[in-house]
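Undergrad: Here the structure of chain A is known, so what remains is to put chain B in place on it, guided by the hints.
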Amino acid sequence: MEYVQTLIYGIVLGSIIAVAGMALSLSYGILRFANFAHGDLLTAGAYFGFVFFTLLGWPMYVAFPLAMAVTACLTLGIDRVLFQRLRQSTPVILLISSFGVALIVRAGVQLAFGPDTQVYARGIEFPMQVGGLRIKPTHLYIVGGAIAIVIGLHLFLRRTKVGKAMRAMSDNADLARISGIDTERVIAWTWLIGGAVAGASGVFLAMDTQLHPVMGFRLLLAIFAAAIFGGIGKPYGAILGGLIIGIAEEFSTFVISPAYKPAVAFAIMVLVLIFRPQGLLSGVKT
Amino acid sequence: MPLLEATALVGGYGGADILHGVSLTVDAGEIVVIIGPNGAGKSTALKAVFGLVRVRQGHVRFDGNEIANQRPDRIVRLGLCYVPQEKNVFAGLSVHENLEMGAFIRTDDIGSELARVYEIFPALNERRGTRAGDLSGGQRQMVAIGRALMLKPKVLLLDEPTAGLSPRMIELIFDRIKEINRLGIGVLMVEQNAKFALSFAHRGYVLAMGQNRFEDTGPNLLANREVAEMFLGG
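Those sequence lines, one after another, are chains A and B.
Counting with this note's numbering, you get residues 520 to 805 for the letters of the first sequence.
Counting with this note's numbering, you get residues 8 to 241 for the letters of the second sequence.
Chain A on its own, in the form it takes in the complex (with noise of 0.2 Å):
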């Protein structure tokens, strides 16, 4: 009963990454950059969720797509003042650029909220008990939220017309210009779509555990490591990655201190790295 606790523990985690792995995998399918202002958009995204339900007191159901939509925009913000002026620049100057996009999102926050850890909300969550295991609600919240996104995610890629460029972007940048597809469009749709996914893992992340200025970039090495399991650029891959590595983690107490969490995940993507460095779903075509 106890391994099946720690698994459900590992799946509520292993949501949150693969989700945020998602949203990663596919920005860099069409950016061709690894983001690491990632893990810090999820912070932001934690914090407006922070501002709506607990200082405006609004419901959380008008809070989270509230937060998606804000970090959204603040994502396309960042494109449009910095990003898009790099286009044309090596993918180490956008990996090192995006890397001062995370301090600056960080310290933003420290500066709004400062550096102690918040809750959404104070008092003590009663876990249901089902059938011996301990259940809180918010994990399913989690869990049903990070499933919606993924369908909707989904749906996105495969049935509309930008969501196919992204899919055909990523495929294939050189065709999908000559084909005439409009790819700063193209483009724009990717980090409003990242970003919210972004800020989507962020409160779902807030959720499960609380708010800190560095909650997502203490994520990040999961995340990638998630991304990179399932074969960078690959959304899909990154689902399952994100699963992997979340039971993985959790799994880990058993054996280990809950200090070396964050170590499961980096030994997960040594390995991947060294033995399938196209990622274990590359034959897995999207």
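Be aware that a few hints might be false.
[Said to hold, decoys possible] Estimated spans, in silico, between C-beta atoms of each pair: (1) A:L605 with B:R63: 23 to 33 Å; (2) B:N76 with A:P781: 47 to 57 Å; (3) B:R232 with A:E703: 50 to 60 Å; (4) B:D34 with A:C592: 45 to 55 Å.
[Stated by the list, open to error] Listed next, the stretches of chain B that the computed footprint assigns to chain A, with coverage defined by at least 3 CB atoms under 8 Å from CB atoms of chain A: (5) 96–104; (6) 107–116.
Derived from the structure by calculation, the hints contain no laboratory data.
Backbone N, C-alpha and C define an ideal beta-carbon position, used for all residues, glycine too.
TA: Only chain B this time, still in chain A's reference frame:
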């Protein structure tokens, strides 16, 4: 005045020039073939027309517009579409999605173009849902040409459309190009199967060392002894 007119193009990929004064014209509804030895600048000339190679000197005029060094999305809007030789399909997208992407800039109904492409290439109709990357080389070429047809082009630029295909498939692709041409679409193509291509082309250009060498009707070029000896393998 020709529909497409490239005049004295000089340019290349940024280093040394590859084109040293290439001129080409395509009239509405014409099939024009560019042949020549390897390294003559055939594909480069085609790319220069489509804005993919920097044109340092010279002009490209299409349907009354100067298009040298223009962005592809502007050029395709004017009705000039390009099919590259390699990596010319979205491998991860289905056949149908590839065609839809060809019509990305259109906001009107694309149903009649889809129907037309499936009519020209019935093999694609049976494989609408198949990933383009899983198709045979010939079928991929059909998707690539079909994708370019989705914008109702006035002229199609084809870079070696039969490269690497079996003789039967080469015949089929050429047959389909003739069919597309019968719809009134002009075709400018670079082709290795020079004899075959010249046999049905209205006109042909022989390029060598980045310059025009010969220019004549298809049958005349085939009959030209010098061209035959130098470029058609006797």
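Undergrad: Can the stretch 107–116 of chain B be counted as covered by chain A under the rule of three residues or more with Cβ-Cβ separation shorter than 8 Å?
TA: Result for this restraint: holds, n = 5.
Undergrad: Determine whether the Cβ-Cβ distance between R232 (chain B) and E703 (chain A) falls within the hinted range of 50 to 60 Å.
TA: 53 Å, holds
Undergrad: Verify the CB-CB distance for D34 (chain B) and C592 (chain A) against the hinted window 45 to 55 Å.
TA: 51 Å, holds
Undergrad: Using C-beta distances, would you say chain A covers the stretch 96–104 of chain B, given that this needs three or more residues below 8 Å?
TA: holds (count 6)
Undergrad: Quick one: are N76 (chain B) and P781 (chain A) within 47 to 57 Å, going by C-beta?
TA: Hint holds: Cβ distance 50 Å, inside 47 to 57 Å.
Undergrad: Looking only at beta-carbon atoms, does the pair L605 (chain A), R63 (chain B) fall within the given range of 23 to 33 Å?
TA: 27 Å, holds
When the structure is compared with the earlier hints, no violation turns up for any of them.
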